[in-house]
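Here is how the chains run, residue by residue.
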Amino acid sequence: MHKEWLARLIILVLVGMVIVLPTIAWRQQTQGILVHARMAETGGWTPEVITAQVGKPLHLRLTSDDVLHSFAIGQSNRPAVDIKPGEISDLTLTFDKPGTYTFYCTRWCSVNHWRMRGTIEVTGPQPAVAAPATPPLYLTLGLDIDAAHHAEVLPQHRPSASRATGLGVPVPAVYRSHDYYLSHTPVELWKALRAEQSFEQLSDQDIWDLVALIWKSNSTPQAVQEGKALFATHCAACHGEAGAGDGVFAGVLDPSMNEAQATMAAGETTVRPANFTDPNPMLSASPARLQGKILRGGMGTGMPYWGPVFTEDQTWSLVAYLWTFIFDYGG
Amino acid sequence: MDINQAQEFSLQNPVIEQVEAQTGRARRPVSAGQPDRLDLLRISWLRPFLVSQWPQFLARAITLTGFLFTLAAGLFGTRVGSHNFAIIFVWLAWWTALKLVFIPLGGRSWCSICPIPLPGEWLQRGGILSPGQRRFGLNLRWPRRLRGSWLQWGGFLAIGLFSALTLTDARVTAWVLLGLFALALVLSLVFENRSFCSYLCPIGGFTGIYAQVAPLEVRVVDSSLCATHNEKTCYQSCPWGLYPLALRNSAQCGLCMECLRSCPRDNIAVNLRLFNSDLGQPSRSYRLDEAFLALMMLGSALAFSAVFTGPWGSLKSAAFAIGSTRWALYALGFLALNLVLMPGLFALAVWCGQKWSGIKTPLRGAIASQSQVLLPLGLCAWIAFTISFALPKLSYILSVISDPFSWGWNLLGTARTGWSPEVSWLSPLIQVALLLLGLFGAASLARRLAQTTPRNSFRQVLPGLAYCLAFSIAMLWLLVG
Amino acid sequence: MFRWTLFLALAFVVLFAPVPARATTPADRTFHIQASRFAYSPSVLTVNPGDRVTIELTAMDVVHGLSIDGYNLQTTATPGQTARLSFVADRLGVFHFHCTTTCGNMHPFMIGKIQVGQNSLLWRAGGLAILALAAGFFISCR
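Protein chains in written order, with my numbering: chain F, 1 to 331; chain X, 1 to 481; chain H, 1 to 142.
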């Protein structure tokens, strides 16, 4: 009869092992906050708000429940960490200053991918001193970035900066200043240059080429490259790789196409992504307007707000790159 | 003598050892009517493994542990199917083992170590190895109306409709398994024997019919010895409710070996035999449920090959979008294929055969008989499909063994093994060879059937064979086309 | 015995008889494949042996990959960044390509196929199927 008891013992031990061992392992490993990433439509980040302390390392265990995501901290140069479905990525962060840090996903995971954001509230021994916030330029200028705008004059051909270098005409300093670039549209610059007496012999197209050259001089090639990389990662999916507003999600956002289904909040109406190759809106927009749109977003049109994510330098680099869709910077 | 006493008897009176002691070696009466059979119990080193209860018990303990662990992984681990132990081990590892090893080599051999009916069996018996004093269960007979394999293939069809979700979502798999586990337990407490296994288990349905093709069987050696044995301990101890003396067909036998352990005359053999051994005689019962099951397995092989290994994305999306109109259309198509097209065409083929050969047996009987040729055909088709479906994904097993829940473990150091979908050039050739083998088996079986008709009429079976050829060509196109 | 030899000889012929190949000049072929959950569009590509094939993979909703069996080639595409894969189709036959970045539940079944030249295996297998049927029927095993 002892065979029966031996058999029962074996079963008990094995079943016990199955229940106890994973439970022990699970309890032992909670030294870190488990963060689940899901597509925005099915929950986004869980948890969405994480608390941390200045100086104390924050251990995060990131996993995805559906598709490839990644984790990045806004306004920082820390590279993004890929979060693969079914795998756990460990990350340790340490914060020097208290404040609210935004974390976001940088791998396109749906048309609402940009809504995948959360915050890390970092508290410290001293209360967070809110740095006096400088308002973005468009607010200082009093610019209504939602107002319709169109270019009264359009170039015959695509303005080319390299063609203008052959003209060999000196441009008055006022037009070459960075402040002028930031607050004026290319059309305004063209009209101002057209009115200059010293440029009377130049053709309209030559003046446009000058405008392109001046615009180019307000950024560095490195900034344009950085802008290009940012555009490819964050913007091309909607705006298209060639900036023509025909990205893979354009159909989903365009209300005139039946697949429009990207609104997540009631009352939102998305619009087709902007076409940066169209000179009409582009030439009548100032860098300040573009920066404003990027920072503030589209207020329900489907255009994300990038304020918490891009640093100021990154924003201006992106703006600099946008001009390359209508201007030929050459080189 | 009832079931308890029979088992006590077999444990306390090891007649097998007595016979060996008297004769010096295990000499067993050679049966009169069993040509082409190799009795595995005569192999001296193999015999203890089959006769002793321990190897089978330990195997069952391991499968039970694995099953419970699978449930835990499915319920608590990551939802990402390709990284969850439950999905990989149920639908890849176990399914491949079932289709490539257990069924083609052992028939219903998986049933002998399946963990699902275990708790119910133990409660019915009142003990694990030996029957106990307190037994649980009402021991009712399974209702006559629900006998046959109708419920089994109905269950398999239902799983097929939701397969895109079940096979890929760890939670769903866990709940389905838990449901079957609970159902088996409840049925064991109400009905006698392994009723769940015999009449409800969707796996048991096709395992049973294909067991008739497989090369393993349990049979009585010399029936004249049984004539003088009144207690019939073999019948008392069979958990499947079978009578070994009357066993002519392996479809219902779960290879649990309890009968040969309780036989006082060591008169039951575990035989290795040729393929298709149970088949070739016209059906006497005219039951259509097994014919339907065989046809449905063919239809499912086609459907699953198209959905899972084919390049048609809209079909896969339709199969996955459960609840939508697309899915309803897919479900309609799936059911029409399995319930209307496949059976209808086969019935037509059999009817044509009847007309052409002028044989006047009822159509129903002819369908039931000729559906036997679909068994080797279907078995080989399913093995070929499994090779297409599972072989490219077997590398998932390595990563899932090290991190079953995807909690960041790395038990064996293989957690980060990437998926390598590279499939060897050999696999299409193996699939072609299998489909050809199935066709060959179907044709030789058809010839055997034709020879039982008066006039040896080949015409009767030829249209049915044309049906088999059409099916094979369709499978070839789906798998290697 | 004679029957076995006959069938085996016929099988040999079907298996190894050279199939007259259509003479084609290698050309440059470009395919624009859109990858979404869980399909490639187009999912069946047909090229001639020797063609210089370029696949431009555009991911339409999430990150997808494409890996071609038999050619051991792989690439990954993110929405907004088209990926390119170029190779010479020098190996004959039917090759499946799979997604290599987990894109959801049905990811392991996101499959397409590229056929280089004629699918002689399918034709030969069809011929062998007829032979297998005849062999099973006319050769007695007992």
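Hints are computed from structural coordinates only; laboratory data are not their basis.
Watch out, some of these pointers could steer you wrong.
Simulated crosslink set (DSBU-like; lysine-lysine; CA at most 35 Å straight-line) [claimed, not checked]:
1. X:Lys393 with H:Lys113
2. F:Lys3 with X:Lys393
3. F:Lys97 with F:Lys56
4. F:Lys293 with F:Lys97
Not everything, but these chain X residues come out facing chain H in the computed CB check (under 8 Å) [unchecked claim]:
5. Val80
6. Ala158
7. Phe162
8. Thr168
9. Arg171
10. Tyr286
11. Gly313
12. Ser317
13. Leu391
14. Lys393
15. Leu394
16. Ala474
17. Leu476
Beta carbons: idealized from backbone N, C-alpha and C, even for Gly.
Results of checking the hints against the structure:
1. Between Lys393 of chain X and Lys113 of chain H, the direct Cα distance comes to roughly 17 Å. Compliance with the 35 Å bound is thereby established for this hinted pair.
2. For the hint linking Lys3 of chain F to Lys393 of chain X, the alpha-carbon distance of about 41 Å lies beyond 35 Å, and the restraint is violated.
3. Simply put, Lys97 of chain F and Lys56 of chain F have alpha-carbon atoms about 11 Å apart, close enough for the 35 Å limit, and the pair holds.
4. For the suggested pair Lys293 of chain F and Lys97 of chain F, the alpha carbons sit about 29 Å apart, so the restraint of at most 35 Å is met.
5. Look at Val80 of chain X: its Cβ gets to within about 7 Å of chain H, closer than 8 Å, so that hint holds up.
6. Hint status for Ala158 of chain X: violated, given a least beta-carbon distance of 19 Å to chain H, over 8 Å.
7. Hint status for Phe162 of chain X: violated, given a least beta-carbon distance of 12 Å to chain H, over 8 Å.
8. With 8 Å as the threshold, the beta carbon of Thr168 of chain X comes within range of chain H, its nearest partner Cβ sitting at about 4 Å, so the hint holds.
9. At a threshold of 8 Å, the smallest CB-CB gap from Arg171 of chain X to chain H is about 11 Å, leaving the interface hint violated.
10. Given hint, Tyr286 of chain X at the interface with chain H, is violated; its Cβ is 25 Å from that chain's nearest Cβ, farther than 8 Å.
11. For Gly313 of chain X, the interface hint holds, the least distance from its beta-carbon to any beta-carbon of chain H being 2 Å, beneath 8 Å.
12. Because the smallest distance between the Cβ of Ser317 of chain X and any Cβ of chain H comes to about 6 Å, under 8 Å, the interface hint for this residue holds.
13. The interface hint given for Leu391 of chain X is violated, since its Cβ lies 11 Å from the closest Cβ of chain H, which is over the 8 Å cut-off.
14. With a cut of 8 Å, the hint placing Lys393 of chain X at the interface with chain H holds, because the nearest CB-to-CB distance is about 6 Å.
15. Against a cut-off of 8 Å between C-beta atoms, the interface hint on Leu394 of chain X is violated, since the closest Cβ of chain H lies about 12 Å away.
16. Violation of the interface hint for Ala474 of chain X is found here, the shortest Cβ-Cβ separation to chain H being roughly 11 Å, above the 8 Å cut-off.
17. The closest approach between the C-beta of Leu476 of chain X and any C-beta of chain H is roughly 5 Å, which is under the 8 Å cut-off, so the hint is satisfied.
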